[in-house]
Amino acid sequence: MKKIAISNLPKLYAAIAKAQSLILPVKTAGKTNFSLWTEACDVDLQTLKTVKSAKDAFFPQSETLYHCHRDGKNITITPEDLQSESFVVFGIKGCDVRGIAVLDKVFLAEPVDSFYAARRCHGTIVSLACGAPEESCFCKVFGIDCAEPEGDVVTWLTEDYLYWKPVTEKGEKLTALVADLLEDSDDAAVTAQKEAIGKIVEKLPYAALSLEGWNGEALNEKFNSPLWETLYKPCLACGTCTFVCPTCQCYDIKDYNTGNGVQRYRCWDSCMYSDFTMMAHGNNRTSQLQRFRQRFMHKLVYFPANNDGMYSCVGCGRCVDKCPSHLNIVKVIKAFGKEGK
Amino acid sequence: MHEHECTCHPGFIHDTLIPQVGVITDIRQETPDVKTFRIEPPQGGKFFEHMPGQCAMICVPGVSEAMFSITSSPTNKEYQEFSIKKCGVLTDCLHSLEVGDQVTVRGPYGNHFPVETELKKQNLLFIAGGIALAPLRSVINYVLDNRQNYGHVDILYGARSADDLVQLKEIQEVWMKTADVNVYLTIDRPQEGWDGNVGFVPTYLKELAFDTNRTAILCGPPIMIKFCLQALQEMGFSKQQVYTTLELRMKCGVGKCGRCNIGSKYVCKDGPVFRCDQIDELPAEY
Amino acid sequence: MQEVKNRALALLKDGTVKRVLGWRIGENTYDPEPAFFESEEDMQTFVYNNFCAANLSKYMIEASKLEGKTLVCLKPCDSYSFNQLLSEHRVDREKTYIIGVGCKGKLSIENVKRAGVKGILSVNDTDPLQVETLYGNTEVSYKAAMLDRCHVCKGKEHVVYDELIGESEDTSTADRFAQVQMIEAMSPAEKFAFFQKELSKCIRCNACRNVCPACSCRKCVFDSDKFDSAQKANVDSFEEKMFHIIRAFHVAGRCTDCGECSRVCPQGIPLHLFNRKFIKDINTLYGEYQAGADAEARGPLTSFTADDAEPSVVAEGGTK
Amino acid sequence: MSVNQEFRPKIVAFCCNWCSYAGADLAGSSRLSYPADVKIIRVPCSCRVNPMFILRAFEKGADGVILCGCHPGDCHYSTGNYYARRRMTLLFSMLDFMGVENGRTRVEWVSAAEGVKFSTVMNDFVEKIRSLGENVRLGDLRCKK
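Residue numbers (the working numbering), protein chains in the order written: chain U, 1 to 341; chain B, 1001 to 1286; chain R, 2001 to 2320; chain D, 3001 to 3145.
Keep in mind the hints are simulated off the structure, nothing from the lab.
Fair warning: this is a prediction, and the values are worked out from it, not measured in the lab.
Ideal placement from N, C-alpha and C gives every residue a C-beta, glycine not left out.
Hints may contain errors.
Claimed, not checked - Facing chain D, according to a computed beta carbon distance under 8 Å, are these residues of chain R, among others:
1. Glu2088
2. Arg2090
3. Lys2277
4. Phe2278
5. Val2314
Construct the complete structure from the given sequences, taking the supplied hints into account.
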């Protein structure tokens, strides 16, 4: 276990940023999101949940795939370079780290998505334990320990120090890079914090949320439930829940005409949008009910069916906080629970 | 090919989302709204090896990209063909292209008809309607080119009118002349100069009263599939004996972009070929 | 407010209305969700408290397509939106029974959190708010927890209703255009930097568009496949600006300043500034106009006078 | 000003079919010159131009956008330019509000007989844009590569 005084954190950031690019929670115009560190930025480790998850670091909201130039009849395709430089994502919470594991299941499955894989292999994850979980958190339900998250390096923030524990080889490498800023430490403060967090987690309102009945086998029974009929009603069909979610991975591929060629990029898409499945001969999800159902069925039924029971929800609670109509996955799970299904 | 390499993953020279350039080397007007395009890489040959039933993404840069079934059989060693019906923004644009124009192609995507496993040694009944002959053509030619591996072949093909029958030349000159292959053609409404059967495919199917000692491969518009399936069941076929294809909106082709799912199955990866009893297990959202 | 619930229940029972559009009780006091109720049994989960902030007018577009009358609970500001939709023939007055509910300012849990409260377990909706949290109990003043828009409330009169329930209280404490004027006073570089910073947060979730009662197009121009709209990608520095200008422009003269766009923005972008700037300009150049105040009025962008200001008025500073 | 000497601005001019486009024609046939940097887009009426047209022109790389229509009162469709006038006033005000230099957009009323005015307006506008320099606040970065 290592530690560094809070007052020295700017030095730590600068030291990391000198060697690699550093992505961490930065407050801009009142909201905190993961962003590239600069000398002038306002690092914010106090806000528990960034608005968007850390997903952007590995799977950006939009990224160029290739450029296409046309010269007469000839087309030339220039693929975008893959990530080839190392970078560090600092301050990811346990839920977001698990979110990346969920993305891995999708993008690292054959055929491997090389854009994602390149970022994964060049990125080092420095996770941060949640000192003060909030009411919308339910990561425990998915077996995540927010007091000791996964990652290459795990850190804990107390009033005076940031405690630093390298876990993987990548983590050791990063630790070596900043070794002269870190001092050795015992575990006492961290143990105390973990215990305190554990007690809070027990008291979280959604700590006892039951996922019973949500699995790949329940497919048709859940799909055909009449409950969706009322559940979807307040949905505005916006993409807030999808875009703040650490696990939503559906994407769209689009073209942009730059005037001297076509830039093909991919961007996050949302199953909540009415044109998500639109095609020349029609749309197989014509109602908001179907689209709403798709989101939750994907997370709680289809994904586990294809990935050995792993849910595509990590209980970060962002959708709970952000839905303009106060709809969320917790309400859906509970509604089915009440029905005894 | 693409100099597009990740230092720690030397294998990643070619992401599946990055297409190859293709040159249109031949265009055949099949029907008033269907053209068959022969598309080759600039250096000639084929883009990739595929199996019958597999698809590829064809894109006109700046217009759109969509999944098309590869019409030519894998046994064709020289080139690949796509029969495309004019019905949307992209296909309109494709139809306006000329020989020598370039598009981009990526693939192959999806599963394929089990020509080397379940279908082997079987008697086969192909049922197609309209443009749906496109995916079946590759299977039929594959079967005919490996004739010894399969039993008796019946092909039932229908279209709106005689002018809408795709690949008529090949049907008449090759398929009809192959031993132990019966071709049944039908059109929806009577037409001058047509002395074949008139009537919808499902009706004709019932009239033909095939015995159940065969596997049916069914492809067509959803409504035709529905009624043909009913007819087949009335004739005593079980759902395990019938294969069909599904189509939904696809973007990535590799089961990641998340839109072509029916339940936990992705049509682009787990499909497009499904056995009918497998489809029954899926939620009704297609 | 038990009275709203009782009255709605009575009207549902006696067959005056076929359904009630109100709120369903959430997991907590602060997260009621808009909902339709069709039976007495269903009405048990009906709730009306000071966290019921959403503007229900837009749901009436869909409800107007249903058979029978729908009862809807509208706050004073919501009634403007409803009236505006009425003038655009998007809702059916004959199929609507409006309970105008009195308003003393609506609460926002975001604002409670903004006051520094974390881990909220329960909260009530009286003044001051008693908040029980994972980290101890605390109080937040009603005013501090009130939605930003309530501080610049445009009035507590319902412009359309069938009956009124409950008292209202004036909550406006600030000038509605103060923020707009503050920005107008900046230099171009400062203005640009301000909006660049705010809009760089935009994630194109389209919540502002989808919640807006004035945005009622069947298909939005930004969802068109006729041009290479980024639509849902936060692609670059530009399209966010275009989107937000056009979003506000398309509702200019029809926007009642209900403030829903800013309420729902997950990134807290002050989207109402765009709308308010248009309202302020319209007031300055074409005379005071409040959209939704009169369902018969002609909107400022669908009318003109021969001696309107020329666009060069902008360069001359006439819109500041 | 030496910096801007080399700068060739891209100007988009939306011209109404009935007056301004004819005015441009007259300017041409009268051999009145105006810079080749001005690209004219003919529209049926000035009120056909919606704010999106202006913004899209900037997005794709325009440095200045000018809208020309019939003089108020002379619209071929009687009132189109009155609506356009209100819309453009509000749009320009919004652009100003967001920190875009307000010389980059302009509305001018040019009749079919005003070939001279067309030429003067265009020369003046191009000069103005040249002095403002390249448009950096409203373009899409992807178009600049």
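Evaluated hints:
no.: 1; hint: Glu2088; result: violated, 17 Å
no.: 2; hint: Arg2090; result: violated, 21 Å
no.: 3; hint: Lys2277; result: holds, 5 Å
no.: 4; hint: Phe2278; result: holds, 6 Å
no.: 5; hint: Val2314; result: holds, 4 Å
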